[in-house]
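Peer 1: Spelled out from the first residue to the last, the chains are:
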Amino acid sequence: MPKLPAPPLPAPLKTPPPRPGTGNGTATPADHAHKGAVAVVDWVDERTSLSGAARWMMFRKVPKGTNWFYTLGSATMFAFLSQAVTGVFLAMYYRPDASGGAYESIRYVTNDVFLGQFVRGMHKWGSSVMVVLVFLHMGRTFFFGAYKYPRELNWVIGVVLLILTMAMSFTGYLLPFDQRAYWATQVGVNINGTGPLLGPYLSAFLLGGSEFNATTLSRFYAIHMLLLPGLIAALIGAHLYLVAKLGTTAPPWQKVHRRDELLETEV
Amino acid sequence: MADKRTRHTSKYTLDRGIPGAFEGETITRRRFMTGTAHGTGALAAMSFALPALAFAVGPVFKTNTEHWEVVGKLDQFPDNNYVPVILTLNPGIGEAGKTTVYVRKFNPEIDTDPYDKNMPYIAISSRCAHVGCPVRWVDASERFICPCHGGVYDLLGRRVGGPPVRPLDRFYTRVNGEDVEVGMRFSVNSQLRHFSPRLPGEPLDGIGQYLYPSVPGAKI
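Going down the list, the protein sequences come from chains A and B.
Note that our numbering has the first sequence beginning at 244, numbered continuously upward.
Note that our numbering has the second sequence beginning at 1047, numbered continuously upward.
Worth double-checking, as some hints may not be accurate.
What the hints assert, rightly or not - Restraint ranges, calculated between C-beta atoms of paired labels, are given here:
no., chain 1, residue 1, chain 2, residue 2, range
1, B, Phe-1107, A, Ser-292, 49 to 59 angstroms
2, B, Ser-1187, A, Asp-421, 47 to 57 angstroms
3, B, Gly-1207, A, Val-402, 48 to 58 angstroms
4, A, Val-287, B, His-1195, 53 to 63 angstroms
5, A, Leu-483, B, Ala-1098, 25 to 35 angstroms
Source of the hints: derived by calculation from the structure; they are not laboratory data.
All values derive from a computational prediction rather than experimental measurement.
Using N, Cα and C, we set each Cβ at its ideal position, and we do this for glycine too.
Let the hints inform the model, and build the full structure from the sequences given.
Peer 2: So, in structure tokens, the structure goes:
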């Protein structure tokens, strides 16, 4: 089996191999810890070959001209991760009870739980941040022409992720169950219903019946915290796989560097 | 054995020279095994996926049961002005299950529509026919006015301004002894013809009634 190439680290970061005859008798605890860690990583890698995948993913060649705009995708992903983590902890306190328990549990988180206001604030404002970042990322992709062949499928996945993010925002908006949440959801569901033929059925599916009822809130909660996050995580995986597989594009202003001296010597 | 071309045209595995083939056998055992395994997998997946899907979609097809709610005494409602009453559409979820309904006595002078003849009282839903905000009866202007997007309706609930696509919904009414009772919701088009209830934003005039079918759960 061929040896995988070492990652292209800059020279100062590479650890020089130990010189023969030195260091053997004077191993510090740090050296032992280092050796132990290497042994553990090797043990796992021997059985999973994960280091190859990690290297394939992390040490990619990127085109000249790659700049800060290329970080918007990662920024969106970290916004999602932040939503996922804060959401999991909010779920420990939230009660999807339409007869007053939902509002009371949110009030409890906001006013009484240690750091509750902060975690809920992260989730609430983070959702807006995520939507903004999704659009900036989409704009970057569009204006840099990064949606063109062979990356069309990644654009399509990205559009689905955009729609899922919107669905997350919509279903999450009901959960505080205050006046704003209730009426915004009424309006949102009814806008769904204005789609011809399927619209009324989509609205009835969302409401869990022909009108807002006892199961609507728990329906929205389940969609918000189980169905959509799973879909989004899976599609982010596919999105990232295609990014690593196809590579990133150079910005449109990047000129092809012609090495004229080579052309002349060819002749 | 025949050449490749004839070997592939025969449907019997025996003719194709497959070792261990039985006479009359038309499918290789490898294909049969693969198909069986995939079929079993699909069956296993569907055995939980289909019930789960039906479970999630089921409420769409659940029909509402008829219910009547007493809203007041007979002489409580004038025939030229509305009295707001609170109706509990969905019990058990507190304020979220309640809605305001505007009720007045049937008035032969203004309720000339033949469909309204059997209604002893006229009950108008406060749910705006645009996207469902709560409208308010403004006595001075004799209009229902929606605070969200400026929908305006007249005394009969017909749209006179703003974005709504049809008149305000109504409720069936009946007299039970001394009490006025309000029942199920129904929607009306601009001629005040009765339809099964639709969600707001769904027009009922012309082709609208076919483009926006009432879901089974809403049928009355």
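Peer 1: Checked against the structure, which of the hints given earlier come out wrong?
Peer 2: 2 and 3
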